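Asks: Residue numbers (my numbering), protein chains in the order written: chain A, 7 to 257; chain B, 67 to 409.
Among these hints, one or two may not hold up.
[Claimed, not checked] Some, not all, of what chain A presents toward chain B, calculated at C-beta under 7 Å:
#1 10
#2 46
#3 85
#4 87
#5 96
#6 98
#7 109
#8 110
#9 112
#10 120
#11 121
#12 171
#13 217
#14 244
Think of the hints as simulated: they come from the structure by calculation, not from any bench.
If you're wondering where the values come from, they're calculated on a predicted model, not measured in any experiment.
Don't be surprised by glycine CBs; every beta carbon is placed ideally from N, CA and C.
What follows is the residue order along each chain.
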Amino acid sequence: MTKSVLELRNLRKAYGALAVTDDVSLSVHPGELHAIIGPNGAGKTTLIHQISGLLPSDSGEIIFDGEDVTRLPMHQRVRRGLARSFQITSILPGFSALENVALAVQARSGSSFRFFGHAARERALNEPAMDCLNLVDLGARAQIMAGLLSHGEKRQLELSIALATEPKLLLLDEPLAGTGQEESQRVVETLRRLKSHTTIVLIEHDMDAVFSLADRVSVLVNGRLIATDTPERIRANAEVRAAYLGEEEAV
Amino acid sequence: MTELTEMQSAPVPSPVMRLELVPIILFAAFAATPTLAAYSGAEGYILSLLTRVMIFGIAAMSLDLILGYGALVSFGHAAFLGIGGYAAGILASHGIEDALIQIPVVLAASAAFAFLTGAISLRTKGVYFIMITLAFGQMLFFLATSLAAYGGDDGMTLSARSLVAGWGVLKNDIAFYWMALLCLLGTYGLSRAVVASRFGRVLRGTRENTIRMQAIGFQPFRYQLVAYVLSGMMAGLAGFLLANQAEFVSPAFMTWQRSGELIFMVVLGGLGSLHGAVIGAAAFLLLEEFLPEILHAVSFFLSDDIRSRLAENWKMVFGPLLILIVLFARGGIMGLLRRGRHD
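Work out the full structure, taking the sequences as your base and the hints as a guide.
Replies: Next up, the structure:
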């Protein structure tokens, strides 16, 4: 088996007596799109927060690209190539779409302790940023204030920002959340394109999207991973059906 | 969709270009004042008032750099005025009267204080940041009142204005006016460059969304700290000028009320435009100066007794007036100018 990009070893996180992440071990292979699914409250977002460094872990290890990053703050993990998006859109609303992405380019290209020179006019930042925008079909909207973009476009922009950090691994927290039918179609298309660029861990509620995109699927229930397998076998897995898919049918 | 694109992309550059007129007019007015004042018959008064306006303009602008662009509400910014003033005063009392030595010392002292207090206070957020900067400001205020050797409560008189390379040119009020204007222009130009630079963009991004900035790999604290130090140095320079103008420095330079006034000037002028802060400082100080007379003139229909009382208690009008401006002119005076131009 190839060396994994991300490996979680016995990861835990508890709020008081409530174990939100309960002994999770997982390995993500290079180039795959690994989806994590689970019912509401299963601890998916918490897990992403732990991996990205927004939340500290109680115990266990996070090995990223062969290095233990368990104790590193978020910005240092980002510099090592671990990018993420947020479930609730997180952009800079007062900046143009282009500047949102250009800032991400700036973060990885040279010092930002430069006090002179007009940053918004630096071609070395704007050109890669424009490439990233084009990759998510936002090229035509580059000069629009990010806060004025439609919800779907903001989701696209977030993907573009994450891409601009040149990640080895992209953590996506419900990129389809709150998008309409047409918009979600566009985001799914974008994700399909991104698959060839980088390894992706995807948390998503939209099962159609998950099963059409994912190479492997892990199922998280009450903070525990109950299965990791190909989409077909997950669909057929009795335990998963009982714990998760069955639940929806029952409702 | 396409409509929005056009609406957004087409008119945006022009208001920005037109708004640049505001700083040009502002600085041209400052530059023209000495010539015009010579014909007014009250030259000394006008020059000294406007010198004060420019000095507070520098201080307010320095605050705008962190408040308007970094959303850091420092409630202890007057401390830097005190540091600048006292550094000049203390050096002068030991016979070091040359600005070429005093100014670097002022800048270094302000930077050191900003670095130390910033490194602590920037670990807090929101109201805690306000309180901790206030606490550091008060700490310095009480330190100054206890400096018996340098006047304590009463403050200290400077024997003369600073020399420039041994030359007493600043004794001349007009020369001092030009020096203040030069400092104002210099700090304005520097601030404008910083705000547009890579560094400034990180600072502005952090104001909008700290988590997002971390998620793309920045550590906001370092940028905020450097901005805080820069801002403190500029305010320190303003303190140096203020002490020089009055040839006097006292703990009153750094009362928390003074810090509050600085915030007020920035908000009054409009956050996040730099020259807005200068306009805010001018509006604040000129209102403070002329409101008694304005009140007296406006209330001509009232009895003489009430008129004089009104003029005497002008602060009762000043406070509500400021509140009304902040409430109803969102974006301060710059906001009003912007709105006026769009119509």
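Asks: Look at each hint and say if it fits the structure.
Replies: Hints versus structure:
Violation of the interface hint for residue 10 (chain A) is found here, the shortest Cβ-Cβ separation to chain B being roughly 23 Å, above the 7 Å cut-off. A hinted interface residue such as residue 46 (chain A) counts as satisfied when its beta carbon comes closer than 7 Å to some beta carbon of chain B; here the least separation is about 23 Å, so the hint is violated. At its closest, the beta carbon of residue 85 (chain A) sits 5 Å from a beta carbon of chain B; the interface hint therefore holds under the 7 Å criterion. Below 7 Å, beta-carbon pairs count as interface contacts, and residue 87 (chain A) has none with chain B, the closest being about 10 Å; its hint is therefore violated.
With 7 Å as the threshold, the beta carbon of residue 96 (chain A) comes within range of chain B, its nearest partner Cβ sitting at about 5 Å, so the hint holds. Because the smallest distance between the Cβ of residue 98 (chain A) and any Cβ of chain B comes to about 4 Å, under 7 Å, the interface hint for this residue holds. The beta carbon of residue 109 (chain A) is positioned within 7 Å of a beta carbon in chain B (closest approach about 5 Å), and the interface hint is therefore held. A least Cβ separation of about 4 Å between residue 110 (chain A) and chain B falls short of the 7 Å threshold, and the interface hint therefore holds.
Hint status for residue 112 (chain A): holds, given a least beta-carbon distance of 6 Å to chain B, under 7 Å. A cut of 7 Å between beta carbons decides the hint on residue 120 (chain A): the least distance to chain B is about 4 Å, and the hint holds. Interface hint at residue 121 (chain A): satisfied, since its Cβ lies 5 Å from the closest Cβ of chain B, which is below the 7 Å cut-off. The closest approach between the C-beta of residue 171 (chain A) and any C-beta of chain B is roughly 5 Å, which is under the 7 Å cut-off, so the hint is satisfied.
Of the supplied interface hints, the one on residue 217 (chain A) is violated, with its beta-carbon coming no nearer than about 28 Å to a beta-carbon of chain B, more than 7 Å. The restraint placing residue 244 (chain A) at the interface with chain B is violated, with a minimum CB-CB distance near 38 Å, outside the 7 Å limit.
The structure shown violates the earlier hints numbered 1, 2, 4, 13, 14.
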